[in-house]
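J.: Sequence:
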Amino acid sequence: MTLQPHARPRDVDPSLLRSWPLPVPSNDGDKEDRGHVLILGGSREMPGAVILAATAALRAGAGKLTIATGRSVAQLVALAIPESRVLGLAENDAGGFTVEAVAALDPLADKIGAVLIGPGMRDEAATARLVHALLPRLDGTDTKVLLDAEAMGAVLHPLAGQPPFRFDVPVLVTPHAGEMAHLTGIAKDEIGAAPDRHALDAALRWNAVVALKGARTVIAAPGGERWQHEGGNVGLATSGSGDVLAGVIAGLAARGAGLAQAAAWGVALHARAGERLAERFGKLGYLARELCDCIPALLEQAAGDHADAPPRPSGSFAGGLRAGR
Numbered sequence: 002m003t004l005q006p007h008a009r010p011r012d013v014d015p016s017l018l019r020s021w022p023l024p025v026p027s028n029d030g031d032k033e034d035r036g037h038v039l040i041l042g043g044s045r046e047m048p049g050a051v052i053l054a055a056t057a058a059l060r061a062g063a064g065k066l067t068i069a070t071g072r073s074v075a076q077l078v079a080l081a082i083p084e085s086r087v088l089g090l091a092e093n094d095a096g097g098f099t100v101e102a103v104a105a106l107d108p109l110a111d112k113i114g115a116v117l118i119g120p121g122m123r124d125e126a127a128t129a130r131l132v133h134a135l136l137p138r139l140d141g142t143d144t145k146v147l148l149d150a151e152a153m154g155a156v157l158h159p160l161a162g163q164p165p166f167r168f169d170v171p172v173l174v175t176p177h178a179g180e181m182a183h184l185t186g187i188a189k190d191e192i193g194a195a196p197d198r199h200a201l202d203a204a205l206r207w208n209a210v211v212a213l214k215g216a217r218t219v220i221a222a223p224g225g226e227r228w229q230h231e232g233g234n235v236g237l238a239t240s241g242s243g244d245v246l247a248g249v250i251a252g253l254a255a256r257g258a259g260l261a262q263a264a265a266w267g268v269a270l271h272a273r274a275g276e277r278l279a280e281r282f283g284k285l286g287y288l289a290r291e292l293c294d295c296i297p298a299l300l301e302q303a304a305g306d307h308a309d310a311p312p313r314p315s316g317s318f319a320g321g322l323r324a325g326r
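The sequence shown runs 2 to 326 under this note's numbering.
It is possible that some hints are incorrect.
Now the in silico label distances, taken between C-beta atoms and shown as ranges [as the list claims (entries may be wrong)]:
no. : residue 1 : residue 2 : range
1   : 142       : 206       : 22 to 28 Å
2   : 21        : 239       : 26 to 32 Å
3   : 101       : 46        : 34 to 40 Å
4   : 187       : 27        : 29 to 35 Å
5   : 104       : 163       : 20 to 26 Å
6   : 198       : 280       : 31 to 37 Å
7   : 101       : 238       : 36 to 42 Å
8   : 94        : 305       : 28 to 34 Å
9   : 34        : 11        : 29 to 35 Å
10  : 27        : 189       : 44 to 50 Å
11  : 84        : 291       : 42 to 48 Å
12  : 104       : 34        : 26 to 32 Å
13  : 187       : 8         : 37 to 43 Å
Hints in this document: simulated from the structure, not taken from any laboratory.
All values reported here derive from a predicted model rather than from experimental measurement.
Backbone N, C-alpha and C define an ideal beta-carbon position, used for all residues, glycine too.
Using the sequences and the accompanying hints, generate a full structural model.
T.: Structure (structure tokens):
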């Protein structure tokens, strides 16, 4: 496509989502057909992050789940998510995973539809080394890669002797403005003032799909395409909310959605879930884990919105996407 850097991003609204339906599994399919997602993350200090992301991936419709987390918390995670296979990985003194942990993931390389790396991980430099070691193992597979939280630091830590970092195959990264400032060295306020420009700059520089999260979330692809979503409410700014969003996107990607599509749908679902909970509890005080339980019904409504039928009333999923903060 011809890059138009000054063109306005497309709105993630009912019209866009109707024209971009998610893959729908066959009624006679099995869990393998619905996609296998791997969540790599967690730590002694933050085991809950990987639990939230994993729960969200299942709620988004992934059929099979594997969690790779630190040995110190693997049993806890397994008890919290009985639907998952849980692998315990070696940890360093700082709580990060060692590069040797990649070997434990080798058998999964050609079996997973998507891998989410980062929720709850510690030790940014160690995590970056792990990401650099893992990505080549996924070459030649159809696995979609999502980097969140600590794993995004891979772009700050290119391997010795390498030029400024650029992914060989596009991945998805999900920074908020503060994380983008850390990754780029640009002031947080400057990023917040022009998120569409900074998301696109990063997408082109890193060869990545960038979902720059905020009150107005901007998604930019390395081909120059951009989308934006405004919605949700202040209650989404709470501990664990980003882990849930990352998990929803990973679940949709495992089901067969492309990275940009999964990001657009994930952001919309996450915002609408926040609106649902605000109607029930108020805008402040609902919990990130409660977002997960809203996702299946919202997906079901979305399927109805995309059927060959008259437009649904404003209470439907698509009709509720525009509600702002």
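J.: Hint by hint, note whether the structure agrees.
T.: How the hints compare with the structure:
1. Taking 22 to 28 Å as the suggested C-beta distance range, the pair residue 142 and residue 206 conforms, at roughly 25 Å.
2. Look at residue 21 against residue 239: about 28 Å separates their beta carbons, and that is inside 26 to 32 Å.
3. Between residue 101 and residue 46 the Cβ separation comes to about 22 Å, which falls outside the hinted range of 34 to 40 Å.
4. Evaluation of the 29 to 35 Å hint for residue 187 and residue 27 yields a failure: the beta carbon distance comes to about 46 Å.
5. Between residue 104 and residue 163 the C-beta distance comes to about 23 Å, which sits within the given range of 20 to 26 Å.
6. At roughly 34 Å, the beta-carbon separation of residue 198 and residue 280 lies within the given 31 to 37 Å, and the hint holds.
7. In this structure, residue 101 and residue 238 meet the distance hint of 36 to 42 Å, their C-beta atoms being roughly 37 Å apart.
8. Taking the beta carbon of each, residue 94 and residue 305 are about 52 Å apart, not inside 28 to 34 Å as hinted.
9. For residue 34 paired with residue 11, a C-beta distance near 30 Å keeps the hint of 29 to 35 Å intact.
10. Distance hint check for residue 27 and residue 189: the Cβ-Cβ separation is about 45 Å, which falls inside the suggested range of 44 to 50 Å.
11. As the Cβ distance of residue 84 to residue 291 is approximately 18 Å, the hint placing it in 42 to 48 Å is violated.
12. Distance hint check for residue 104 and residue 34: the Cβ-Cβ separation is about 29 Å, which falls inside the suggested range of 26 to 32 Å.
13. For residue 187 and residue 8, the hinted distance range of 37 to 43 Å is not satisfied, since their beta carbons lie about 22 Å from each other.
In summary, the numbered hints that this structure violates are 3, 4, 8, 11, 13.
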